[in-house]
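Novice: The primary structure of each chain is shown beneath.
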Amino acid sequence: MTSSRPDSAPRRLVIVGNGMAATRLVEELVARRATDTMQITVLGDEPNAPYNRILLSALLEGTHRPEALTLRCEEWYAEHGIDLRLGARVLEVERDLKDVMLVDGTIIEYDALVLATGSIPTLPPIRGLVRMDGSLHESVHAFRSLNDCERLLEAVSATDADGELVNRRAVVVGGGLLGLQVARALGARGIDTEIVEGADHLLSQQIGEAAGKILARDMKKLGVSVYTGARAIKLTDTSDAPSLAGTVKVLDPLPTNPGRVALRLDNGFTLDTDLVILTAGGKPSTALARRAGLDVRRGLVVDDRLASVTDPDIYALGDCVEHDGRVTGFVPPAWEQAGVLAGILCDESVKYDGSRIVARLRATDLDVAVLGDPEGEVLKGGDVVEMSNPVRGSHRKLVIRDGRIVAGALVGDLNRIGLITQHYDRQTVLGPTEPGDLLLVERSAKPVQLPDDAEVCNCAGVTAGAIRACTSFDDARETTRATTGCGGCSSAVRQLLAERSSLTPEGIK
Amino acid sequence: MTETGGERVTRTHCPYCSLQCGMTLQKQGRTALEVLPWAEFPVNEGGLCRKGWTAAELRGHRERLTSPMIRDRATGELRAADWDEALDLIATKIQDLQGAHGADAVAIFGGGGLTNEKAYQLGKFARVALRTSQIDYNGRWCMSSAASAGNQAFGIDRGLPFPLADIEQADVVVLVGSNMAETMPPAARHLDRLRERGGKVVAVDPRKTPTADRADLFLQPVPGTDLALALGALHLIDAAGAVDEDYVAARTTGFDKVRRSVASWWPERVERVTGIHTDELRQLVELMTTNEKVVILTARGAEQHSQGTATVLGWINVALALGLPGKDNAGYGCLTGQGNGQGGREHGQKADQLPGYRMIDDPAAREHVAKVWGVTPESLPGKGKSAYELLESLGSAESGGGGGPRALLVFGSNIVVSAPRATHITARLESLDLLVVCDMVMSETAAFADVVLPVTQWAEESGTMTNLEGRVILREQATTPPAGVRSDLDVIAGLADRLGSPVPFGTDVEEIFAELGRASAGGKADYSGITYDRIRAEHGVFWPCPTQPDGTIHPGTPRMFADSFATPDGKARFLVVEHVGAAEQPDATFPLHLTTGRVLAQYQSGAQTRRVKSLPDDGPFVELHPMLANRIGAHDGDPVMVRTRRGEMKAPAKVVTTIRPDTVFIPFHWVGANRLTNDALDPSSRMPEFKVCAAEVTA
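Line by line, the protein sequences are chains S and H. Take 1 as the starting number for the first sequence in full-length UniProt numbering and just add one per residue. Take 1 as the starting number for the second sequence in full-length UniProt numbering and just add one per residue.
If you are wondering where the hints come from, they were derived from the structure by calculation, not from laboratory data. Only a predicted model underlies this, so the values are computations on that prediction, with no experimental measurement involved. Mixed in with the good hints there might be a few duds.
What the hints assert, rightly or not - Computed beta-carbon distance windows for the label pairs: (1) S:Arg189 with H:Gln283: 22 to 32 Å; (2) S:Pro390 with H:Asn291: 48 to 58 Å; (3) H:Glu63 with S:Lys351: 52 to 62 Å; (4) S:Leu222 with H:Gln283: 45 to 55 Å; (5) S:Leu222 with H:Asp216: 20 to 30 Å; (6) S:Asp304 with H:Thr589: 23 to 33 Å; (7) H:Asp216 with S:Pro390: 47 to 57 Å; (8) H:Asp246 with S:Pro390: 27 to 37 Å; (9) S:Ser491 with H:Arg62: 37 to 47 Å; (10) H:Glu77 with S:Pro432: 21 to 31 Å.
Built from N, CA and C at the ideal position, the CB exists for glycine as well.
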């Protein structure tokens, strides 16, 4: 049953989600003046105005102020006649009635619905992580929302009666991009930080073992220990279990502080710590879509029009979608989808055909960039051009197919990163030596003895020979007008005159 | 001119760029001139580049035109004619065309190298004698984006709101798209002094130019991404809490929206768009936030884009957030390009403006100016088309034109070389019923004309210019022009008379300047308190310089914005701008960025400098990186072919490591480069996108 509406009534667009994808979609719609003909409602379950989620680790590290994360203030929505509802969690989508119901019972009808529900953090199977009531253990932190970030910031700055930090040690569970950023941020705050990663090297989804090892070494230099090939299996309160007989205490740098919790690994080690931060990846948030009977595999399945393959009036974008068998979890593809979806909602003939992804680590003194899917492209037969310098701590790899950079992984040295990503994004056809040249450091020209016909003063057009023929700086100035323009050649002129006099016996002062 | 005894010495200014370096001309014999320093003039302190030193060589040049030329109907060749015949012919043709097709059938195209007096007379001539709305000038292709941005943000457009030498006392100077060491070499002395004092220079340019060689920090962005860089810089400034909140609250409006808009320009995103490493962006921001006195200067590199105005606004937002404009030795400025790029845009040469930087659609402005001119406000035409749009509309549709004006009078411009998408524009010129070109040599544009009028050049006439600082200076006549040559002002007066203008047009420059002053009085660019004598006595006078109601002398305004901005509420405006990028992006067929610019020894379309023997003229070249040269099999010195969607040209390869490997550079002083450039226009300034388009290069 569909509610019958006069044709002249504005189209009602309801967007579920208020994250970066949804915000971008609204901006793109506003840029197209869609609000003239559409009545837009945005339902965000977080209490905050939309913010730049990917800068949460920068907020944690202290390089960004919290206010600088806000993408749009509530007034902006009002100015454009958009109904923004914060703290509005959607309970159900009724496709037959074309409406959504919020947890408070409010029902909102739609003509078109956009699901931008994002992703939810994966909870690793660690016993003791979740309490009986379903909430996280107080020492355990997720790192997905601004609220999570604020709670962690509170925890790392909490002090006791003596002004001492309460929480001085942290274990980050998960050695992916987010885990590294969070670990680096905590390290930069002076928290003793360790990373536990189940795979045998860091960033295992993106980079190979050699690069991963270099990264682990970089982390170590920055004061963060790394345990790879180990999974956390059990969390206990140290007060609950004062005796940990039979376990080995590893690398405890603060023997006087036993830590508030103990995290047991499957290799038998136990890490004493005050905080556990879960960054073990996320998965598309699809519960709502699934309940509504939409086709969901890894994510909510959409076609090239970003519409659900089950219901053409329901669109989706961002982390929650699966397009062409892929889910992404990055902002740039979500934004590209936002541009395309805004066009589709405004009846432009556009379609989405996938995105190129550059994953860039956002953390001070950690240089990592991953272009596309290097491991996958190698399996597909791409040629690998690789440059490894473990002495310097760099490992760089480009995967080339048909002369184009189809993927890459750069660790420890991002020289020419801007150029490499340009070639990757634009799929420039390179020459045979070019991928190698891109990984080499540019040689600086050695100073040479200037030939007499070399121009020294560009402004006045004076050659080295003409300067050498002069008796002094003032003479050169008067007779050749060298140095009288921009003055940039003054030192070169002095140098030439000095060299010349050193060659002549009487020239020695 | 001092001509007592053997001295025969004139203090004047260089004929070329907006620096308008002071120089001394000494007469040698009857007509020859020697260029000598004028050490006291503060902008260049006696320094000149080789263009200035050799400026007098064009005098007595064998290619100098000394007789009007008329295209013979029978042979199609130009033949010499006398002035009356030429002017009569032009006037008759104009009257015929206007009689048949209306006043707008005749258009005027001026130049940013013309004196203030000429620019003023030209605007008045168009509106009063021709009564056409169709007048614009090549300054549109110079600094118009910065002009538009300045008007929007500060309520006024003066290239530099402070004397250039002020930058010596700054802590940091950020140059966005300026190659001042090559394009205005004596200006670079101020950078050197700054560095001697321990100040830092930042250069942003796709090429590591001689200016970038002087920089402490060099950022090499993808052409057309300077705006993304500005957004990224403001993002980090805000993230670090380095915004000058007190200044923003007291002296600006609109920051909140701008602040939100840059929240989505985090460094890694900026890196992906601009090709600039996040560390380098952080270094730039560190320099700007840890120093008090920061100067941000833009030039053509940032401005000649379809997003030129937005790009400048982006950098102005950075300057305002840091609380710079109005502070001593700090702020934002534009390094204007053409000799009178500043003055040329203030006196009515622009399609939408009347003298004093008044807008032609403002009834009060029309009334004021009409009164000075002795005509009725209703008689003044309205807004015309901008430079490129005007040229594109030329010629009757039947003869392959754009359906716009059928006659064009060109003063001080060489359109065939300098217009973007030049082949197309040249065809439009050919479709005209009448093309009149005033020039001193047979320029590429003059060669297409129906009538060529030989005019006086610098040193043979007097007149004021307004340099990049807003300093009104006086170029004095130093010698007599060759026989047969007349001033542009004589041409205007002669035509106005023949066309039955309701008011006469004089030719006395000082009288015209005084009238210009009255016309500008009360306008934004108020010249009414400036006289030739004051200019001589004070090394130039900075506008605004009004006449004071109490009769006291206004000192002029070297530094602006100390207390308020020229907006109605006195506050500077933050404006939200979004990066869109170049109109034409590289693709599989045209995989490279092409950018254009200048070389030291040449000036603009080269009509003058290419004829000066002492200036090397090796012709155009294609600058490319060794990686690209290897890719396409090009060798240094061998010709390569450059193609775009609009044209192609062949020129020798110049293989250098100083350019981005995804970009090629061609200087535009010769016919060729602008056959390739894109005519996409900035929506606000109508600036064509000279600085970037997609190209293919083959060996």
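Novice: Going back to the hint list, which numbers does this structure go against?
Specialist: 2, 4, 7, 8 and 10
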